[in-house]
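Residue numbers (the UniProt record's numbering), protein chains in the order written: chain L, 1 to 292; chain S, 1 to 915.
It should be emphasised that the hints constitute simulated quantities derived from the structure, not laboratory data.
Any given hint could turn out to be false.
Claimed, not checked - Here are the simulated SDA-like cross-link-like pairs (lysine to any residue), alpha carbons at most 25 Å apart as the crow flies:
id, chain 1, residue 1, chain 2, residue 2
1, L, Lys252, S, Thr816
2, S, Lys779, S, Asp684
3, S, Lys383, S, Ala307
4, L, Lys252, S, Ala307
5, S, Lys779, S, Ile714
6, L, Lys252, S, Leu48
7, L, Lys252, S, Arg37
8, S, Lys170, S, Pro180
9, S, Lys779, S, Thr816
10, S, Lys272, S, Pro180
11, S, Lys483, S, Leu548
12, S, Lys667, S, Val708
As the list claims (entries may be wrong) - Listed next, with one range per pair, are the computed distances between beta-carbon atoms:
id, chain 1, residue 1, chain 2, residue 2, range
13, L, Leu280, S, Ala637, 41 to 49 Å
14, S, Arg689, L, Gln276, 38 to 46 Å
15, S, Leu621, L, Asp102, 37 to 45 Å
16, L, Asp102, S, Arg689, 27 to 35 Å
17, S, Pro869, L, Ala104, 37 to 45 Å
18, S, Pro869, L, Gly142, 39 to 47 Å
19, L, Gln276, S, Leu621, 31 to 39 Å
20, S, Leu630, L, Ala104, 26 to 34 Å
21, S, Pro869, L, Gly228, 20 to 28 Å
22, S, Ala637, L, Gly228, 24 to 32 Å
23, L, Gly142, S, Ala637, 53 to 61 Å
24, S, Arg782, L, Ala104, 48 to 56 Å
Virtual Cβ for every residue (Gly too), placed ideally from N, Cα, C.
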Amino acid sequence: MSNPLPLRARAESEAKALPPLLARARHLAGAVMLGDHGRRRAGMGDDFWQYRPVQPGDSRRHIDWRRSARSDAQFVRQREWQIAQTVMFWVDNAASMRFTSDDALPEKSDRAQMLSLALSILLNRGGERVGLTAPTLPPRRGTAQITRLAAALDQEHEDDYGAPAFAAIPPYSHALFVSDFLGDLDQLQSAMAATADRGVRGVLLQILDPAEESFPYRGRAIFESGGGTLHHETLQANDLRDRYLRRLAARKDQLRQLCRATGWRYHCHHTNDSAQSALLWLYRAFDQGGQR
Amino acid sequence: MTFGAIGFSSPVLLLALAILPILWFVLRAIPPAPVRRRFPGVALLLGLRDEDSSSDRTPWWLLLLRMLAIAAIIIGFAGPVLNPHQKDTDQRSEPLLIVMDASWASAIEWPTKRAVVDSLLDEAGRDARPTAILQLSAPEPLAFRAASDWSGRLVGMAPNPWAADPEATKDIITLLGDEPFETRWFSDGLAREGRDDLMAALQSHGPVMIHQGNRQLMVLSPPVIADGEIVLTAHRLTADGAADITIQAHGRDPNGELRLTASVPVSFAEEKLSAEGLLSLPAELRARLTRFQIAGQSHPGAVSLVADTLKQREIALIAGREDREGLELLSPLHYLEQAFLPAAQMLEGGLLDILPANPDVIVLADVAILTVAEEEALLEWAKNGGTLLRFAGPRLAASDTARNAETHLMPVRLRAGGRMIGGAMSWGDPKTLAPFAEDSPFFGLAIPDEVTITAQVMAQPDPTLAERVIAQLTDGTPLVTRKRLGAGQVVLFHVTANAEWSNLPLSGLFVQMLDRLATSSAATTPDLVQMQGTTWQPVQVLDGFGHLTQATTLPGVDGTRLISEPPGPTLQPGLYDGSDRRLAFNVTTAEPDLRPVNWPESVPVMDLSPPVEQPLGGVFLSLALLLLMLDILASLALTGRLMPTRAIGVVLTLLLIPDLGQAQQSKAQLATSEVVLAYVLTGDAQLDRVSDAGLRGLGSTLFFRTSVEPANPIGINLEADELSFYPLIYWPITPDQPAPSDQAYSRLNEYLRTGGLILFDTRDANIAGFGNSSPNGAKLQRLAAPLDIPPLEPVPHDHVLTRTFYLLQDFPGRFTGQPVWVEASPPDAEQIEGMPFRNLNDGVTPVIIGGNDWAAAWAINESGAPLYPVGRGYSGERQRELANRFGVNLVMHVLTGNYKSDQVHVPALLGRLGQ
């Protein structure tokens, strides 16, 4: 067993980052007012939906005697069908996400974690179950799950680019993949194909730094990936700009294509934009996804 | 090796310039170093090729920059010299003698002279010529040594405040020896006896060259007093056109500090060698003058020291009767006062009280009887040089003083009763004065016809009477008699000092007589006879540049020398103390002998031209450094490390940092955009941190508990910062903090008057009672003395401070239980029946004074934990809570004033509503 003292200290220092993230995410989520979240059809639930005449096969227990007494027919009282959706998050925390081009801007992973946590708070408030694919956190409801989620989100990866983990996504649930999607797309493709086969709908949220959008570099430079495995040397960085931007546009196009093929939705968010707008978009995306 | 005007000390290094072209190609081949950047988008970059590989070379202008830098380095180390000294074709080898006048007139352009001598020494050193320096004012036997030896000594050489006299010049000729040498003579340009002989002697040893400055020499004669004004006479060496100069009068101010008291503009007319300036000063100021100096001439000849020649005499007036109230014109002293007032300082008081002050003159007006003690003291004083001036009068005439035997303090014996002449009941006409005899001190004064004497005391005819009379009437009766007493004298006017017995006191003659007797005696320079046998001790002497220095070890000099001899090594100009007075001995006499020297035609005379050699190595090396700096910036810019916008930002920041006004403005902006609590920066960094942490803690308490949400506290500098932005200023007291300046106090008072509040905290738990003996309390008293603070009282139980937010009766900080003082409630405040508290002051108390160290109790660290322990255990925490509550109440009181006091009107308002 390891020495408990350093472990405790490390745990404390790890835990230190949590409350602010949670607080900021709560703050962000607090700005969104939740609307009606019923399924708008009869089913298991608490709220009244409609009275309908008794049909063959209805159990007598379901007959609402008070309503039936007012008329000759017998009625069954139906409640609105309320089911909890399951939303699984995959938040890329690889080295490429821990990048910011300016001290004033948050790291991409920071924005990704905050947005996912805020969304999960919103969803949790709406009664949905949220979970995490990597590290695997089974979908649950409740405030404790948010805390667990916040703790799990904080784990970092050493890899250059992250690959979506999809094994834990239950069939017919929803998924949110948050990444910069700058690495290899093959794994993403296979992941989305596999999940789409299981009837999973979801959202791809691409988070980019403004420097990755504009490529403001000049002169002789060696570009390195976050983990240091990839590098590219150029003598005139400004010459590369146009071609880089074309490639980036192509990459975004590819992601859109992928989403169209699998019925997912795609959104690109920049760290210098307001997190609020991204959260609203995400929330609406899941709301509509629920209606379909 | 020289190129045009530039020469090189090590020209071989210039060969290195040949490598520049090689460097050009080498540098061109090496591309600038790449920047390593983290960039997640690199995955998208993989496989992209550079279209244009030409810019991997360093651009030509950067290369040129570097080439220039290297060329500048090479040239700089090659030792370039502008206008290198052209050496004489024939190198001399005979010894070099440098003769310097080093007289009082040499201080002009002394640094230039020294620089020229220095370059001569350098040159002699290069030629390995033995060198000697001879100062004519302080001659030493010639010692030919290596020139470098002299270079070291040269720094310490200074002109002397005297000039070589003819005797000394003769001695110098014997010092010269008989070996040949070349002479350079640095002369002050003044003709003196014996110069021709010296010149001939020097010429017999070898060639002579004269170096002589061009600046006009001006000297200042000692000031003379004429008609109440100080006459200043300046002389110059040559009459070359009109010139305006300024003579400065320095004196001590009432605090004893030396200051420039007055400046007199003096103009030399076109052809004149001397010019006069008049200075009229009040006697008070005149007495404090210490020296005059021609501005811009820093040599002792342009300085005229003043000892006590301008000083006023102290005159003590003592009357026999003082009980006649209101009869001003009959007062025996009135006319004396009027006569002495413009020129002397009066002392009044009892005789024995005045004597220790050692006045110069004591006037006894109609005082007949002196006690034995008074008489002895007066005698002692008079023998030490005092002048006793006595006036007759009814009392003296009626008394038996000096009736039968001569007393010490009366010049003559007196007959009983005196006489009346020219009255209604007497015969004969009033008498007039006879002309003054030649040996009389009054000799030369014109006698007005209207002066008549109607009554007087009569002197007994004695053998000594004739020699003691200094003024007499036309009938030969003595009017003024005098007797010498040791160094002093006793003078008797046989009439009264008022107009009772004669109209002499009404005439101008009276004033002139008194002037001669009493007032002006110090302003005259003593003559040779007086000085014989006296010894004078130098107190301060002038150095060669006209500055006063202490003359601690100089021996005393004979008095006659001060009058008859010019200054010399044993008689330095300066201030000399005699037995009873101080003399100023100046370089320049009233009629200075200033003549330009006439050198023989055969001797070349040179200006003092400064050395022209100017090494340029430093310039080239700095240029190289500058170019390399530019290269750094350019390289950074080229590799993209220097973002243009950031560079501009950096430059702008650098430009803005020195602008303190900007900082003050930002402080003001900060202070005005939020509620900001302020504390006074005491200069004690630890204490300032505590104040800051305390107010931060108070701020966070306010933030959590009330609707007041203060920003971070600001430390204010009372001298520089605007105070009106801050509702509350916390002022901790340390014993050693500096007191604010007058301007700061006026702004503090303005702040207090316009509704600000200062919380004074002595932080010592008030151990010594209020400000009695604790150092902090005493300091608080001193600091607060100039502040406009109303009467204070300990916080009454119904003060609004006790209920502005919390209900409090105690105001603890880290210490508790001590009274806290606020502005006293008005005396007419009374508790009305049925009201919970009195109707107290409107507005906010301007100060709150206590010693409970509140800031330490409020102080929190970054994470919000308290910084300092308060008390023990739970009660301590309770005390801290109360301290915080006091802080909340305080800020609420400052922000809302007497709002909570207004509740006293609630019953009345309710009653009115009910009607």
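Against the structure, the hints:
The hinted pair formed by Lys252 of chain L and Thr816 of chain S fails the criterion: a straight-line CA distance of about 70 Å is larger than 25 Å. Using a Cα cut-off of 25 Å, the hinted pair Lys779 of chain S and Asp684 of chain S holds, with the two alpha carbons roughly 15 Å apart. A distance of roughly 23 Å separates the Cα atoms of Lys383 of chain S and Ala307 of chain S; the hinted pair therefore holds under the 25 Å criterion. For the hint pairing Lys252 of chain L with Ala307 of chain S, the CA-to-CA distance comes to about 100 Å; that exceeds 25 Å, so the pair is violated.
The hinted pair formed by Lys779 of chain S and Ile714 of chain S meets the criterion: a straight-line CA distance of about 23 Å does not exceed 25 Å. A threshold of 25 Å between alpha carbons decides the hint, and for Lys252 of chain L with Leu48 of chain S the separation of about 19 Å falls inside it, so the pair holds. For the suggested pair Lys252 of chain L and Arg37 of chain S, the alpha carbons sit about 23 Å apart, so the restraint of at most 25 Å is met. Distance restraint check for Lys170 of chain S and Pro180 of chain S: the Cα-Cα separation of roughly 19 Å lies within the 25 Å cut-off, and the hinted pair is therefore satisfied.
Note on Lys779 of chain S and Thr816 of chain S: the hinted pairing holds, with a Cα-Cα distance of about 21 Å set against a maximum of 25 Å. Of the supplied pair hints, the one linking Lys272 of chain S and Pro180 of chain S is violated, its CA atoms being roughly 44 Å apart against a limit of 25 Å. For the hint pairing Lys483 of chain S with Leu548 of chain S, the CA-to-CA distance comes to about 41 Å; that exceeds 25 Å, so the pair is violated. Restraint check: the Cα-Cα separation between Lys667 of chain S and Val708 of chain S comes to about 20 Å, which is no more than 25 Å; the hinted pair holds.
Between Leu280 of chain L and Ala637 of chain S the CB atoms are about 43 Å apart, so this pair conforms to the stated range of 41 to 49 Å. Range check, Arg689 of chain S to Gln276 of chain L: about 39 Å between beta-carbon atoms, so the 38 to 46 Å window is met. In this structure the hint that Leu621 of chain S and Asp102 of chain L lie 37 to 45 Å apart at CB holds, the actual value being about 40 Å. Against the hinted window of 27 to 35 Å, the Cβ-Cβ separation of Asp102 of chain L and Arg689 of chain S comes to about 33 Å, which satisfies the hint.
Against the hinted window of 37 to 45 Å, the Cβ-Cβ separation of Pro869 of chain S and Ala104 of chain L comes to about 40 Å, which satisfies the hint. Range check, Pro869 of chain S to Gly142 of chain L: about 42 Å between beta-carbon atoms, so the 39 to 47 Å window is met. A beta carbon spacing of about 60 Å between Gln276 of chain L and Leu621 of chain S contradicts the range 31 to 39 Å that was offered as a hint. Hint check: Leu630 of chain S to Ala104 of chain L, Cβ distance near 30 Å, so the stated range 26 to 34 Å holds.
Restraint check, Pro869 of chain S to Gly228 of chain L: a C-beta distance of roughly 51 Å breaks the suggested window 20 to 28 Å. The supplied range of 24 to 32 Å is met by Ala637 of chain S and Gly228 of chain L, whose beta-carbon atoms lie about 27 Å from each other. At roughly 57 Å, the beta carbons of Gly142 of chain L and Ala637 of chain S sit within the given window of 53 to 61 Å. A hinted range of 48 to 56 Å for the beta carbons of Arg782 of chain S and Ala104 of chain L is consistent with their spacing of about 50 Å.
Against the hints set out earlier in the document, violations occur for numbers 1, 4, 10, 11, 19 and 21.
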